[in-house]
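Take 525 as the starting number for the sequence shown in our numbering and just add one per residue.
Do not rely on the hints blindly, as some may be mistaken.
[To be verified] Derived EDC-like pairs (lysine to aspartate or glutamate); straight-line CA-CA distance at most 20 Å:
#1 Lys684 x Asp811
#2 Lys719 x Glu755
#3 Lys972 x Glu1016
#4 Lys616 x Glu548
It should be emphasised that the hints constitute simulated quantities derived from the structure, not laboratory data.
No experiment lies behind these values; they were computed from the predicted model shown.
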Amino acid sequence: MKTIRLILGDQLNQKHSWFNDVDEDITYVMAEMRQETDYVKHHIQKVVAFFLSMRNFSTTLSEKGHQFIYLKISDEDNPQNLEKIITTYINKTKAEKFEYQLPDEYRLDEQLKNICDALDVETEAFDTEHFYTTRYELKDFFEGKKQLIMENFYRTMRKKHDVMMVNDQPDGGKWNFDQSNRKKWKGEPKIPNEKTFGKNIENLITAIENAEVKTFGNIKPDNFNWPTTREECLSVLEYFCKELLVHFGDYQDAMHTEEKFLFHSRLSFAMNSKMLSPKEVIDTVLDHYYQNTEAIAISQVEGFIRQILGWREYMRGIYWKEMPNYSTLNKLENQNELPDFFWTGKTDMNCLKHSIGQSLDEAYAHHIQRLMIIGNYALLTQIHPDEVDKWYLGVYIDAIEWVEITNTRGMSQFADGGIVATKPYVSSANYIHKMGNYCSDCTYSHTKKLGENACPFNALYWNFLDEKKEHFKNNNRMAMMMSLLDKKDKEELSELKKRAQAVIQNPDNF
């Protein structure tokens, strides 16, 4: 039976069972589409990375004998629209069946179901064969439970998939070594340089510009360092195991002005595009660990695996459990606009200047920069979660809605009212100072709450607690902070709120 199979840009899994055998009656279709570049404004490095990875994927499998139709963004016969592409190539190839892998974004899932309903050929959807869990496994796991506690889900995943288990007990005697993962990096141990590739992508950038795709952020046309083939992704994984894993857990929450990547793996793009599977990443890391237990502490490894088998699978499950309503939630009723410096990095607040500047330069920031610097500021200044979502989805190379929106609207902005996080992740300057050196050369003093050189985070923090106290009055995890707010000197609180309002109303002047 002549069949058309669609492959989306984040479905680059060469190990999928589709490719076990070459079948002349099967034609694969891939396309670079304005539909996908334009639904949100993306970082130029993100667009380049996906297009280049898609092209490499198509080329590799074509060389193995599979038939591929590949449409580049600049091709004149590219309809730039998913439905037109599917119908066009069903007709051109006289296909009798259309097959696709289940998308990981709700909007594409709905679009493909609607397209299939309108087709006059047989259709079938397949699993991507990537995740540990099915779409609705988390939903079933938490059926009837009041709180969706990630730790409970994580422990079940460890048991089910026999990850770091010894005689049905957690290896090392503990499920979670998070308390060991909070060290401040002070210049030692030495951080190896990141794994680089130095690719020249001038022609691809020109093609994107000629297609009038609107992007933002910075890129070096002659020195592109993200992995865009499976082999490159595997080399990044190997480099992480040999050079970075030994100190990953200790410093995974650390921040430093002179080190953008610290000991982080930078494997999220490789996994979210499906060039690498979470299982092969975890298996490779564990193999290396068990061969080097004298040199690598278990806390380094568990902290890494928790991010993948725990948070990554958990966030995907939350997404499919709660969508589409999740994308509209704004429980704290925040309404402010995103400041201009989110697009330029120009601010006197050193932590934001470095975290946003790095995001614009590298299309990457690690989770604490995203959560406790940029996300913390966005929440304290009460920016509308729609605006925050769009920025995070566009700026980060690994951002696909299923993982971005749950982390941003949920964990970071508390817009879901506590589905993901039991309390909002907000802090004053003290936490920022504790976890990095951003405060040391800042215009503002992290110890001061009032005055022109007082860190804006301090006033913003107390203002936020006061303005949103009705939302938190029944939240047990906020009880201590609400008690401290009640005891706050009223005159001092009034001055803090004035300072906070000045920041909120004129954010680009700070």
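Hint-by-hint comparison with the structure:
| no. | hint | result |
| --- | --- | --- |
| 1 | Lys684 x Asp811 | holds (19 Å) |
| 2 | Lys719 x Glu755 | holds (13 Å) |
| 3 | Lys972 x Glu1016 | holds (13 Å) |
| 4 | Lys616 x Glu548 | holds (15 Å) |
Violation of the numbered hints given earlier is absent; every hint is satisfied by the structure.
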